[in-house]
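Those sequence lines, one after another, are chains V and C.
Under my numbering, the first residue of the first sequence carries the number 1169, and numbering increases by one thereafter.
Under my numbering, the first residue of the second sequence carries the number 1169, and numbering increases by one thereafter.
If you are wondering where the hints come from, they were derived from the structure by calculation, not from laboratory data.
Each hint should be verified, as a subset may be incorrect.
A pair holds if it fits inside one copy or across any two, identical chains being indistinguishable in the list.
[Said to hold, decoys possible] Within a straight-line C-alpha distance of at most 30 Å, the following computed DSSO-like cross-link-like pairs (lysine-lysine) qualify: (1) 1403 with 1209; (2) 1620 with 1684; (3) 1227 with 1813; (4) 1358 with 1403; (5) 1620 with 1523; (6) 1620 with 1415; (7) 1813 with 1209; (8) 1759 with 1861; (9) 1671 with 1523; (10) 1683 with 1620.
2 protein chains.
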Amino acid sequence: MDIWSYTQSGYREEDTVTNGNRFLVGNGYMGYRGTMDEWGKSEFAAVNLAGVYDQNGDKWREPVNAPNGLFAVLSVNGETVALGKTTAQKHTQTVHFRRGTHSRDTLFAPVRIRSERFVSMAEKHLLCSRLTLTFSEDCQAELLTGIVTDIWDINGPHLFNYTYQADSILLAEARTGELNIPVAAAQSVKAGFDCAEKRESTETGVYRRLSFNAEAGKSYVIDIFSAVFTGLDDKEPGKQAYSLCQKAAESGFESLLSAHRAAWEELWQNSAVELQGCDEAARALNASLYHLHSIAPRHASALSIPARGLSGQTYKGAVFWDSEIFLFPVFVHTEPELAKTLLRYRIETLPGALKKAAEYGYRGAFYPWESQEGGAEGCTDYNVVDVFTHRPVRTYFRDKQIHISGDIAYALWRYYEITGDLSLMREGGAEVILQCARFYLSRAHSRLDTDKVELLDVIGPDEYHERVGNNVFTNQMAAHCIACSLELPELFPDSSFFDDLIKKLDYEDDFNLLKKLLPLLRPAFEEGEIIEQFDGYLELEDCDLETVRGRLLDEREYWGTNHGVAAHTRIIKQADVIAMMALFPSQFSDKTVERNWRFYEPRTEHGSSLSSCMYALTACRFGQPDLAWEHFIKTASIDLEGGGKNWAGEIYIGGTHPAANGGAWIIAVLGFAGLSVLNGELTANPRLPSQIKSLRFPVTLRGKRVCVTVTHDGWTVE
Amino acid sequence: MDIWSYTQSGYREEDTVTNGNRFLVGNGYMGYRGTMDEWGKSEFAAVNLAGVYDQNGDKWREPVNAPNGLFAVLSVNGETVALGKTTAQKHTQTVHFRRGTHSRDTLFAPVRIRSERFVSMAEKHLLCSRLTLTFSEDCQAELLTGIVTDIWDINGPHLFNYTYQADSILLAEARTGELNIPVAAAQSVKAGFDCAEKRESTETGVYRRLSFNAEAGKSYVIDIFSAVFTGLDDKEPGKQAYSLCQKAAESGFESLLSAHRAAWEELWQNSAVELQGCDEAARALNASLYHLHSIAPRHASALSIPARGLSGQTYKGAVFWDSEIFLFPVFVHTEPELAKTLLRYRIETLPGALKKAAEYGYRGAFYPWESQEGGAEGCTDYNVVDVFTHRPVRTYFRDKQIHISGDIAYALWRYYEITGDLSLMREGGAEVILQCARFYLSRAHSRLDTDKVELLDVIGPDEYHERVGNNVFTNQMAAHCIACSLELPELFPDSSFFDDLIKKLDYEDDFNLLKKLLPLLRPAFEEGEIIEQFDGYLELEDCDLETVRGRLLDEREYWGTNHGVAAHTRIIKQADVIAMMALFPSQFSDKTVERNWRFYEPRTEHGSSLSSCMYALTACRFGQPDLAWEHFIKTASIDLEGGGKNWAGEIYIGGTHPAANGGAWIIAVLGFAGLSVLNGELTANPRLPSQIKSLRFPVTLRGKRVCVTVTHDGWTVE
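Using the sequences and the accompanying hints, generate a full structural model.
Here is the structure:
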């Protein structure tokens, strides 16, 4: 088995959407779905852009898909040849993790079509594709290629007022509807043979027709280059795209591929986890890191990663807590600059969080549940559609999932704890922590006749139980955030930095209130007890997962909100108490963790790709890595197997699963190897499951790369 | 038009359920539904008992229906004659409000059946019926009559282990399943002619067959007496029932009827409102008071009235806030002893309210939303069935409708204000007020960084908006309750009563906290402003009632809970802000009331029979009684017209509407006449609508009956 690639043989129409995710190529600036060269919007072909958003009318705001400049469809003797329409005698599709490319090889009766595609890791604006056509008989061939502007959108269209240019370089320019951002795509082509070329622009794009007399047995190679720029990159994105396409054609496919591969190789040097003992797991882990690298915002200084990466417009292209809790840990250990990029996004979007808190009548920073550019809240009041009435259902994710602010403070603090680097704190991290603590201060309630302080009417990680009181994950996260805010002065003992900040934020009274609040809010846990997920959880109906599933009348029914089958039972969507234990390992004994694990795991639907990682990580901690194995395989394989839900009610939620991709690394390195870094110092605590012989992986410590090897006998670092 | 009776001609099967309510007879101890003599469980025939409850398995706990001892079905030449099965040539059914009787007159081809029925107002255990049979030809007739024990139950059966006795008196005895309470029904018969009698007991009851050769044109009269006793009345209910039936047969129908009519006449002397100008309205008002008198617990010293009276098991036979807000005002002005009986029920059930508060983690008294005997909470977590999935839906009436405690304190305080009588306060009323105030103290939350005190996560009178913050009705009611608790010491200046009570309840600290709390909790209103019903109400979708109704996919859909069509709009179920204004008239200027009335009224579905009364009353107050007229007619006619909803989701909620019955009197006397009594002193402030020429009604002041006359020119009292 090749652990560095994944190939699928044969064509099944029903795999179209999943394969678009499975075979995605990307470079953080954009993602290109794993579709065929000749496919369009009905097959969900898309060039998904990072950080460019648009809203059409009152539909959901979502990221913009750029025009597709790699489109190419062949006709043989006037007959279109396309997978899904033309019968294929053989067909394979492959994603190459190490080199970061996608290839297809399809044998139709008249012609074999091969292509290799990549989104350049060396030049963020560039997409490249090489088509190789081999004919089985002499024929008249025509390749229609160009920039398709009739593109797949979930809540579009987003691009308007197209203008086209059709000289040797094709160019399509448009503007987004809401913010009038220019978006440009160009295309150049280099054919390795003589052909006639005609160009045309239509309502659906700008194209060229390359026609030639093909000879049987001979291969014809055509290289296609496309460049995408937006107004966020440059004042004249059209000019830039045009010029880049020109240069790309001059450099040629092979030279561009070579630069691309070198960039990927460096990423792997920093991050590849060598897993011995189970090739399937090794490949799944490679796939996971491949997907992470394909969407990491290396081109930006302050940007984060959407919950479905760059695989489409699902979840509005928004950034969730996934970034801080499931992605940040990977990067802070392998590529700390990228970890900073993710967190700087939160620092830069603090104004959005302040605004959101104020809108709800609170002070401080209430970060968006689904953060778009500038910290705009992308989460709407209605996120699910009732499958029986087809009416939108009010959900409270936006209003009540207040742990998000604490999650961000947690990651900021972890960055400091792991690296010992205070720069992010100075750059605004400390301010974010203070504003998040202030938010909890104003969100908390106390009763008049007791000391009790409560966080009421919240949603924890388990979204199937909305509007609960004192979710322990939330209370713990809030208490941690407040504790961090109170520890901040000790980080800056000899400078006026902190005092100046307190003054600037008019924070003195709040600081004193927080000191009083912390002991009243922080949950107290008893050794070995089952921790109740929220007030009243243990009074809910205790029935097993299959009983609850059996109550579904439609498999697409949403399990949560007041009407969902799980809402008034103890069945939870994902790790919640266990997620808290995973994030605060020093506070819980192995015995307590194991007892709660064995209580909650059978009651968890794992309806989120964020769930298994937490269960696996904690199982390793209490010394039962074999309990973690299945969760590890499930997490690491999610985008290979095409697992995960594609629908919530009637809403498409498919795409890649970055949090699970990060989770796979977390289980392997923080779980199985037991890596722990504090202030730049590293230790490991191997808990390898029986399936794994050894793990070997790089870690970046204070700018230097070290390599850790872990076996059943111990661990070494070099 | 006879304003003292209501007659329906003709038979329509679809009216069966509604007529059962419309033609109900009752005496507070029991109600007998307006069904035909020959009908049974499938036509919802029932003898509904006050204050006797039973739970079968985990079904809803509900009041017990007694065996039906007035059952009588005729056969002519072996053919059963029964309305709905046998074609009727003529049929009328009448309820006589003044005399408190029900009659039917049905002409079938072979026989005319007439009957007159009453539940004795002079002897609470007694039901009487006189059948008059007139045959059109000579024939062989047989009357099957007896005690039917196969009775209608919604969540039954409730009676088990029947024993029967069949001598000249029939007797059926059984016990309830849950509490083993004995229930006994007896029957005696007096036929005014010779007939043969055979007796038998079957699985469905104990019967006698009276057979005779009937002559054409001759009338045959049979009087049937039935007595009902339970173990709550006597240790030997069977013996008592037997003995009463014996005595009844001896006394005879006419003498019993005469005593019954005398008792009714006295009730009318105390309460009848003479309305000149509109006979339809006069009759509807008589019907309303008729229904109230039929269910008022005159036989008890501490009992209240279920939300659907004695018309069946709907709403679990439970007592709601209706008693204090919609029924108490009628009785406190017309029959103060009965007002005390209602409030004593709350005093006696204080332990249940203390228990409920403790179960939810609070102190003080949290009264049941649906109170059964002893203050047991009858309200369940699931009160609606989803019409699409047929699954029960979690509602929060039980948990969040906390205004109930304040409503009770409000009525206790009103009793004192109106009568100047402190006896109820001494009997436990003061303790109830203190415990309710304590409940609000412990239920309130404050923020740490502001002075604001909040009542979070509540449901106000408008049940379509669940789990809202700071519902003004609720906050106002809680603040009033606290204000009353703080005023209590002034009521007992020269006695140690209050000090002793404070000591007994360990209340000193709470008393001081309440002083601090009151100004922080009491809502502040600005002159002329639209008062927001709860936090965020004015941000909800503002669409009209017909738009919301148009979104229904099934007319039985419930409008509230998170999925209901009204839940996230400004459409409300019933008066809420306006109910507050109705209950606290001195706090709002006419201008403020009118402005809010004109804002909220078009946004009110009036999906509860409690709604129109509040709108009508406030319209009178701001001098627009013509705006009140339609609400008055609707309220007063509800049980005549058979209005009101019969279904909430898939759950039957039909029955009579005591709150609307009370509301009709409230509109007429407190609204149109503007009656106001303070400390036994009476004033009026007539606001007669154009349809009414004059109103004349009795009021009981300090034990004396006075009569108030109101015209468009002024008012007099004699």
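Here is how each hint holds up against the structure:
Taking identical chains as interchangeable, the C-alpha atoms of residue 1403 and residue 1209 lie at most 30 Å apart only when both belong to the same chain, with a minimum of 29 Å there against 82 Å between chains. Taking the shortest alpha-carbon separations for residue 1620 and residue 1684, both the intra-copy value of 12 Å and the inter-copy value of 18 Å come in at or below 30 Å. Taking CA atoms no more than 30 Å apart as the test, residue 1227 paired with residue 1813 passes inside one copy only; the shortest distance there is 22 Å, against 37 Å between copies. In this assembly of identical chains, the alpha carbons of residue 1358 and residue 1403 lie at most 30 Å apart only when taken from the same copy (28 Å versus 105 Å across copies).
When the C-alpha separation of residue 1620 and residue 1523 is checked against a cutoff of 30 Å, the pair qualifies both within a copy, at 29 Å, and between copies, at 21 Å. For the identical chains of this complex, residue 1620 and residue 1415 are neighbours neither inside a copy (67 Å) nor across copies (65 Å), given an alpha-carbon limit of 30 Å. Taking identical chains as interchangeable, the C-alpha atoms of residue 1813 and residue 1209 lie at most 30 Å apart only when both belong to the same chain, with a minimum of 21 Å there against 50 Å between chains. For a Cα distance limit of 30 Å, the shortest separation of residue 1759 from residue 1861 inside one copy, 27 Å, qualifies, whereas the shortest one across copies, 82 Å, does not.
In this homomeric assembly, residue 1671 and residue 1523 come within 30 Å of each other (Cα to Cα) only inside a single copy, at 20 Å, whereas the closest approach across copies is 50 Å. With identical chains, the CA atoms of residue 1683 and residue 1620 are at most 30 Å apart both within one copy (15 Å) and between copies (21 Å).
Violation of the numbered hints given earlier is confined to hint 6; every other hint is satisfied by the structure.
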